[in-house]
Amino acid sequence: MTEQELTYTEYNCTTGETIIRPLTDAERADYEEIKRISAERLAAETAAVEAKAAAKASAEAKLAAIGLTPEEIAAL
Amino acid sequence: MAMKLIGTASLPSGNTSGSTGLTITGIPQTYKDLLIIASLRTPRAGEQDGVGFALNENSSTYAYIGIHWNGGVTNQNTNYESMWAGAMHASANAASLYNNHEIYIPNYTNSLNKSYIQNSVANSSISSNASQLSMTANVYTTNTNAVTSFRLQSATANGLTQYSAVWVYGIN
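As you go down the protein sequences, you meet chains A and B in turn.
For what it's worth, our numbering labels the leading residue of the first sequence as 1, then goes sequentially.
For what it's worth, our numbering labels the leading residue of the second sequence as 1001, then goes sequentially.
Treat the hints as calculated values from the structure; they're not laboratory data.
For clarity, every value in this text was computed on a predicted model and none was experimentally measured.
Among the clues, some could well be false.
Unchecked claim - Stretch-level coverage of chain B by chain A, calculated; a stretch enters the list once three of its residues show a Cβ under 8 Å from a Cβ in chain A: (1) 1001-1012; (2) 1021-1031.
Stated by the list, open to error - With a Cα cut of at most 20 Å, we get these calculated DMTMM-like pairs of lysine to aspartate or glutamate: (3) B:K1004 / B:E1102; (4) A:K35 / B:E1057; (5) A:K56 / A:E72; (6) B:K1004 / A:E17; (7) A:K62 / A:E72; (8) A:K52 / A:E40.
Ideal Cβ positions, reconstructed from N, Cα and C, are used throughout, including at glycine.
The following block holds chain B by itself, in its conformation from the complex (with noise of 0.2 Å):
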């Protein structure tokens, strides 16, 4: 098994205004899976948000199954669709505070529906029970199209903070 950078992308100080998303594009067709790391903050008002992630920079819906521990609460969901694929930190957190984002996508050039699995942590500061953790099975019901480029984002369209960042890696 090898693996290679293949991309990155981040939001230089200063860089927020405006900034809604992170986009890697002309991935190489010649690895056999993805494995993407980031790590994101939002300027939303509240704790955290939701990261937004498009496969080809198509935002149509998927279903994912999953555990997602919010604020005490473990939700098990089911064909939740949105957009949605783990948490980030949001600005009542302590500005020092970027999530831990590993979404892994396996046989990204092949023409079946794609899937991934995304594991993500958005801790506090304010307190443990406003720590979000989250680990999902994602499937796409109408994304057959090899895997070529992706978007990084604000679940909610509220941009993303300064410093972020995003790297992909080629799996072979």
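Chain A on its own, in the form it takes in the complex (with noise of 0.2 Å):
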């Protein structure tokens, strides 16, 4: 599969010129390197998303076993 080519649209204020250009290897670097670190910390908050809402159905749970009702557990 051909790798795609990675653009930026430019307009240029002096010139008035629009030019679509590749990116340079250092811009093309860096973008790859946002968008690593961008899904590493979408994923951890993912992670942390989860872990919380497990901890509170885990603790919704344990309060049911032990007598709460439903409306009493939501007011906590």
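Fit the two chains together into the complex; they arrive one by one in their own frames, and the hints show the way.
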């Protein structure tokens, strides 16, 4: 599979010219680094949200087991 | 006070593959402030994405403080270090939806660290609780050069969708 060419669309206020150019090697490396960091951050945030939801569900189940009603649990 | 359109860039119909950002260069140094208006969307999976904003095409980190309303939860954020500057629609939202984005940069020609305010909204076609609103004041801590260019892109490096557009105005 051919690797997709990444481009920037640029407008120069001084010349009034618009160009579409491929990213330089340095820009491409920077772009890929942002993508990698973002994916890692998203995975960490998703894991944290899922862990919190699981802990909440577990706590609610334990409270229900000792006799609290759903309304009482929601009021905590 | 006078305001003049000094530049605009957009992604034409069908120009989606590989389009990673909109850049304005050669900004004249003859105005007091800059006002940027943008209408953006990304092909990223999901409902929304962050807008990446790079002054002088420098994606170095900076700090912001502000209010960000995300999915029914209001956050007050400080010192979030990334090139994040607001929210835009992603592919799960209706294809006609593009964000509304304003960025104001005062004193863009001086030699101090650059600061700006930004307001953006990306409402949702899926549910009202999936909309994102953002109002932030941002400051770079290592960017003292006069602003001669900037780039708008996906903060997560997922590209921009056709018809995404930006306009920049000089303010005197």
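Going through the hints against the structure:
{"no.": "1", "hint": "1001-1012", "verdict": "holds (count 6)"}
{"no.": "2", "hint": "1021-1031", "verdict": "holds (count 8)"}
{"no.": "3", "hint": "B:K1004 / B:E1102", "verdict": "16 Å, holds"}
{"no.": "4", "hint": "A:K35 / B:E1057", "verdict": "17 Å, holds"}
{"no.": "5", "hint": "A:K56 / A:E72", "verdict": "15 Å, holds"}
{"no.": "6", "hint": "B:K1004 / A:E17", "verdict": "18 Å, holds"}
{"no.": "7", "hint": "A:K62 / A:E72", "verdict": "13 Å, holds"}
{"no.": "8", "hint": "A:K52 / A:E40", "verdict": "18 Å, holds"}
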